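K.L.:
With our numbering, the residue at position 85 of the sequence shown is 85, and numbering never jumps.
If you are wondering where the hints come from, they were derived from the structure by calculation, not from laboratory data. Wrong hints could be hidden among the right ones.
Unchecked claim - FRET-style restraints, in silico, Cβ to Cβ:
| hint | residue 1 | residue 2 | range |
| --- | --- | --- | --- |
| 1 | D221 | R122 | 39 to 49 Å |
| 2 | Q257 | L342 | 42 to 52 Å |
| 3 | P124 | P265 | 41 to 51 Å |
| 4 | G56 | I238 | 24 to 34 Å |
| 5 | L137 | P265 | 29 to 39 Å |
| 6 | R145 | P65 | 44 to 54 Å |
| 7 | L117 | R145 | 27 to 37 Å |
| 8 | K123 | L248 | 38 to 48 Å |
All values reported here derive from a predicted model rather than from experimental measurement. Just so you know, even glycine gets a beta-carbon here, dropped at the ideal spot from N, CA and C.
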Amino acid sequence: MHALFLASALLVGCLLAVQASVNLQLNKAVGTPYGASTLQLGVATALLALLAAAVGAIGAVRLAPGVPFWHLLGGLASPLYITSGILLFPRLGALAAAGLFVTGQMFASLGLDLFGLFGITRKPLSVGIALGALAVLAGITVIIRGQRPAQTSPAAGPAPGGGAGAPVRGGTATATAPAATATAAAPRTRGLGQSGWILLGIVAGAVLPVQGAVNAELRKDIHEPVTTAMISFIVATITIAVVLLVLLATRRTPRPQLGGLRTMPWWGWLGGACAAAYVTATFTLIPTIGAATTVALTVTGQQVASAVIDNYGFLRLPRRPLTAPRLSGLALLIVGSVLVQLT
């Protein structure tokens, strides 16, 4: 049974990579990453509400008004993470984008442990943790520096973010991942250079451990993990919907086009299910196998799945072969993540 829990943690980590990849299809259909994020988070919220009702935990939501206000803010991280994935995966590739997320996760997790923030038990700095942090930093540096242009087909258009003012490595996209994906992304974000996208990826990853710590406090108040996850996603959905409305009012993003959903592949809807499964599984696994083991396995699964998606061009992403430098960077990320979490 313990082996099953370990395998489940590895699997839900893979779902994070799949989630970010399939969300690109939702973005392409809707025409704006903020509209795609709103839909994806809405789907996740609905799935969790159905699950909470099915297991008889939906009534715990009545406890929410009495909890400290900041315990309800964990959901703020989800819109940033999901929207960043939509923007970064076509520009940097699945492995590089996920590597940036993991780097942010590891260093934020390290900060939470060392300073005992948000109710986390304080953990002293050890040689293993320091070596792990250096390995993560070296790994993502090798992956970013080892980026090669995505393989193209004759009919391929310009790469996402490859227009003027977006000097991004990654070359051109394949015909199955056309430039429309980038066009659907917020036009105002194209001016970000390579360093800007890298910073966005690290920050988007860093908010996930903070979200987990805040949601852990909410779970102590609510007592029901599924209802806790549902409340977190309700906050996330409301947040991204407000952002979308503000951007529409200021004409900083295109109006969502729901007609494109009819031609979207069926698996384009799986992002919400992946998000709901990840949150629910982590709440269930952490009390069973421990937070450190859960995080180490989930980030490992995230990295391995991203490498496979990149190498074979799955889910209509441009193909970026797993070269020796990128494979070395992947190994460093995995080893560093395990050292940081298990030392």
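K.L.:
Would you mind marking each hint as holding or not holding in the structure?
P.N.:
Each hint, compared with the structure:
One distance hint, 39 to 49 Å for the beta-carbon pair D221 and R122, is violated here, with the actual separation near 22 Å. With their beta carbons about 46 Å apart, Q257 and L342 fall inside the hinted range of 42 to 52 Å. Under the hint 41 to 51 Å, the C-beta atoms of P124 and P265, about 49 Å apart, fit the expected range. Between G56 and I238 the CB atoms are about 25 Å apart, so this pair conforms to the stated range of 24 to 34 Å.
Roughly 37 Å separates the CB atoms of L137 and P265, a value that falls within the hinted 29 to 39 Å. For the hinted restraint 44 to 54 Å between R145 and P65, the CB-CB distance of approximately 50 Å keeps it satisfied. About 32 Å separates the C-beta atoms of L117 and R145, a value consistent with the hinted range of 27 to 37 Å. Judged by the Cβ atoms, the range 38 to 48 Å given for K123 and L248 holds: they are separated by roughly 44 Å.
Checked against the numbered hints listed earlier, the structure breaks hint 1 alone; every other hint is satisfied.
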